[in-house]
Amino acid sequence: MADIVDYAIRGLPIGCVFALLAVGLVLTYRTSGVFNLAFAAQAYTSAAVFYVVRHDHEWPLLPAAVLAIGVVAPLLGLGLERGLFRHLRGAPPIARTVTSLGLLVAIPEIVKLWIGDSAQKNPPPLWPVTRTDEWLWPREGARYVLDAGQMATVLSTVVVVVGLTILLRRSALGLRMRAVVESARMAQLAGVNADRVSMLAWALSSALAGLTGVLLAPLFAELVPLHFFTLLVAALAACVVGRLVSIPLAVLGGIGLGVLQAVLAGLLPTDSVLSTGLRPALPFVVLFLLLLLRPPRLGDRLETDPLAGVDPPPPPLVSVIRTRSLTLTTRALALAAITLGLGAGLFVLDDFWLTLVTSGLVLAVVLLSFTVLTGMGGMVSLCQATFAAIGAFSTAQIVDATGAPVVLAMLAGTVVAAAVGGLLAVPLLRLDGIYLTLATLAFALMFQSVLVPLDWVSGGSTPIEVPRPLIGSIDLADDHAFFVFAALCVALVGAIVVQLRQATTGRFLDAVRGSEAAAVAVGISPLRQRVVAFALAAGIAGFGGGLIASWTGEANYDRSFQFLYGLVWVVLVVTMGARSVQAAVFGGLAFYLIPELVERLPLIPDDWASGLSVALFGLGALTYARHPEGIIEANSSAVIGRIQRLLQRRSSRHPQQPALSIEGAGAP
Amino acid sequence: MTTTIRRSPWLAVAVVVSLVALACSNSSGKSDEGAEESSQAVAVDAPGVSETEIRVGGVASITNPLSGKYDQVALGVKAYFQMVNESGGIYGRELNLVAEKDDNTSNNDAAVQELLTQDDVFAVLPVATLLYTGADRLVDAKVPTFGWNINAEWGGTAEEPRDNLFGQNGSFLCLGCSSPVAAYVADQLDAKKIGLLAYNVPQSADCATGDEKTFEQYAGDGSATIVFADKAMAFGGGDFSVQVSQMKDAGVDLVVTCMDLQGVVALAREMKRQSLDAPQYLLNAYDPELLTDFGDLFQDSIVLTFFAPFEVEDPPEGLKTYLEWMEKTDTPANENTVNGWLNAALFVDGLREAGENFSRQKVIDAINSMTDWNGDGLLYGVDWTKQHIDVPNPQCNAFSRVDGDKFVPVFGEPGKPFVCLDADAEGVPEGTPSA
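Chains L and V, in that order, give the protein sequences. Going by my numbering, the first sequence opens with residue 2, and the numbers climb by one from there. Going by my numbering, the second sequence opens with residue 646, and the numbers climb by one from there.
Because the hints were derived from the structure by calculation, they are not lab data. A hint or two may mislead.
Using C-beta positions, here's what the derived DEER-type ranges look like [as the list claims (entries may be wrong)]:
no. : chain 1 : residue 1 : chain 2 : residue 2 : range
1   : V       : E731      : L       : M152      : 36 to 44 Å
2   : L       : R171      : V       : S920      : 40 to 48 Å
3   : V       : V1036     : L       : Y145      : 42 to 50 Å
4   : V       : D938      : L       : R170      : 55 to 63 Å
Pulled a few chain L residues facing chain V out of the computed Cβ check, cut under 8 Å [said to hold, decoys possible]:
no. : residue
5   : H228
6   : G267
7   : S611
From a predicted model like this one, the values you see are computed outputs, not experimental measurements. Beta carbons are placed, not taken as given, at the ideal position from N, Cα and C, and that holds for glycine.
Isolated chain L, as found in the complex (with noise of 0.2 Å):
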């Protein structure tokens, strides 16, 4: 019992740690309504603000924090609130994840680019002594002892915690957030200036993301935006104990988390499995379990706009009602598109723009996988590169088990990811919103901590080699000829979303994802559809994970995998049109494409072009406010309306009737 008490107290410094980052959470989510993954960027910016003024300029230490904390920090507030989420207000809550998964990926690489690439090594404190081991307390060699910056982080949480709370519960102004956050128009017809509000709100919060991010620097050896990302993961758990809204049960969720793994790490025999497969990934599982074993209740979400319903449905696809001859017309010109780009492929392209291509194509099938699950079902998630993972697992170790061919064992992959990923959904899909979007990436960073350091699941430190398939006497070995067949599998499965749409299943979900209610009126089963889609979803994924592993020559987690391209992935598909089919194959491309093209522009220094293109990508994420369909539906809906009024015009000069049709099929 000792040994329990002395573990759990040794947990405590940590445990605020997590609380603090989950209180900046809980705050943002209860006085903006977003539930802000770009919290972490905006930390390491005022982190890296704070690092260069007092480290590099040695600026005094109070105008150094003011800078970082009091000034950088609620401007990048009010420019986010202005520019972005002030648009979104009334948006769908998955317009609000991507976008700041888009600012996640954004601000560090533009702050980097201000900061430069290299280490920014051992990060100023906030305390005024010059090293954490020069204070210490109660006193060298005691049998607890806490250094500054873990005094720092205890005291700032405790005034944090207490400050918020009074904040929320009982001032007028706390009042106003919450208001505005349920519903600005109401908020606003009760005599309420939302938008000021919400500025404040934002302000507030990104100044106490500023905080924390200079309080928490010194933690690491060095500057890195990772440190700060895996640390806000690890402190979902904790808000999640709050069921997001509870500042208090938070704090709670945060050091219980620290105690519990520091209880852990020190009862559980280090060498056992439970130990090497359970402690890691401890605040995934934690995170995991409380969403599937306490699921939120309908009243903890803030999406209860009275007024939301009044919002017109999004417009349907271009591809859905067209004239006969716009069909054929649009059908004419993909077919030439088509054929352009095979030619290119096999005979412009040389060895490493065709490389490029290819590896455009493949991961296009992959981003097929959210055109199902977004674009159609309406969920954000965060594991579809775990799927993508598992089918190269799974092909890699069948070829390697039994020397089946790769086509089959690639199947076989397809098979396994969906099924796990029906098996996921089935207590998943309970969640919904932001809670499923957590939920999803809980499972990748479970799979990641757990699974993949498991030879007999990713081979261990050294990846399952994959052949390339032989059809026939068409050995794929040669680069041209996996390009056509990238280009088929692309066909195949986009045909296969394309008639999934159209079926049965394509049309449950656009209805459930209407009204619900509506829905289950008629006799449709949400959660069925919801587990269909997540099953097929996961499946193309794993397929695509199976042919990215062939072309590559191996199942190899680091290169091709990890959870954090999931983010990525997830956001480059939004940005592109989560509805259509071209949006993914153009997002697959565009992944590959983008960064060498920006590296040829010529004002661009060679050091900023692999930072700016991860930029470009997140900042694209910022145009959903604009055209929520996606840039590549935006234009082709501007490219078609175009040729309707070229053919109209035709049309009027030679008179005949259109045959409207709503297949759309020549133009997915």
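Once you have looked at the hints, place chain V on chain L.
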């Protein structure tokens, strides 16, 4: 207007998929790209060679999640090339590093392909990457390649030796194998109780497994044993409080880790906090900047280097030249730039050995016939006839102790900075100081 829900295409799809699957088997995976490259590599008509210059290109994980300074390796190459060029170049040609690709950690294969197809280079150097997925492409293309051997892909087998890939001091790497080095360090420090910490990621866990085998294999009367091991630390995790308290209770007097800078710094801070007075045995930590930033955390810790530490008495010629050119070119002297410098030195020596009518293959063959290449004493001699497929025996390294804000060479002798250890010894091997 009709809204037909069509099902027949599903059947068609299923039939197509089945037919394709049944017609399939697996490719042998051999493309003819490499054969074509090698047949083209003739004398000075080789790619990247003109009458005035020899072009090379490198690839590094310049953008990486760990903020590692992999770009510095190229600085070492540039400094060496400047030295050679100022003395007339090679066969009347200047050496130029014309491309430095950033593989963004995960795009190594694409970056390598770009070098080979877009940049017209004779050789690839330096390579300093977290993932080395382009290795197969370089092997197939038979391009002389030089870099920092921190990936298993550098090494080959007897059947497939990968003999065109040259690490800085040999190409074979076995993370999960035993090595007498850690046991020797413990013996020299008179440490008896070892604490071992690693992340639960495959590479780190393999390294820790190698350490466990080491202390089992080189056990003897009174030798050190592992009394605490935790290989389940979360990557990037910063809380070692429980582990340190358990190591303190177990009386650990030397800590061996397989972690990155973030891990060893967080661990050192916790050890300081809890007054666990034990040194760490550190790999890849020979960087003067480390002492500036964290020196007080690592007092008395032992740092391993494969090259002669800069502070040795009676330094070898190779070290003197390196330090002179680092100063001349305003390049930081550290492990990264030593790597680049040695990569360039081996390449240039290979060119010289290959003769005026050099080709890619001749350079590769020339290097692979060298049995004692030591970069003018900067490292212990490498036998390139063997070190593509096996770890050398004896294993020769240099050691430094962190003392204040300096590295102090230890265990060697003046003029003999390296300590050679017999990997076949029973018990902890005696170290033999060597030049």
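Going down the list of hints, with the structure as the test:
no.	hint	in the structure
1	E731/V with M152/L: 36 to 44 Å	violated, 56 Å
2	R171/L with S920/V: 40 to 48 Å	holds, 45 Å
3	V1036/V with Y145/L: 42 to 50 Å	holds, 45 Å
4	D938/V with R170/L: 55 to 63 Å	violated, 44 Å
5	H228	holds, 6 Å
6	G267	holds, 5 Å
7	S611	holds, 5 Å
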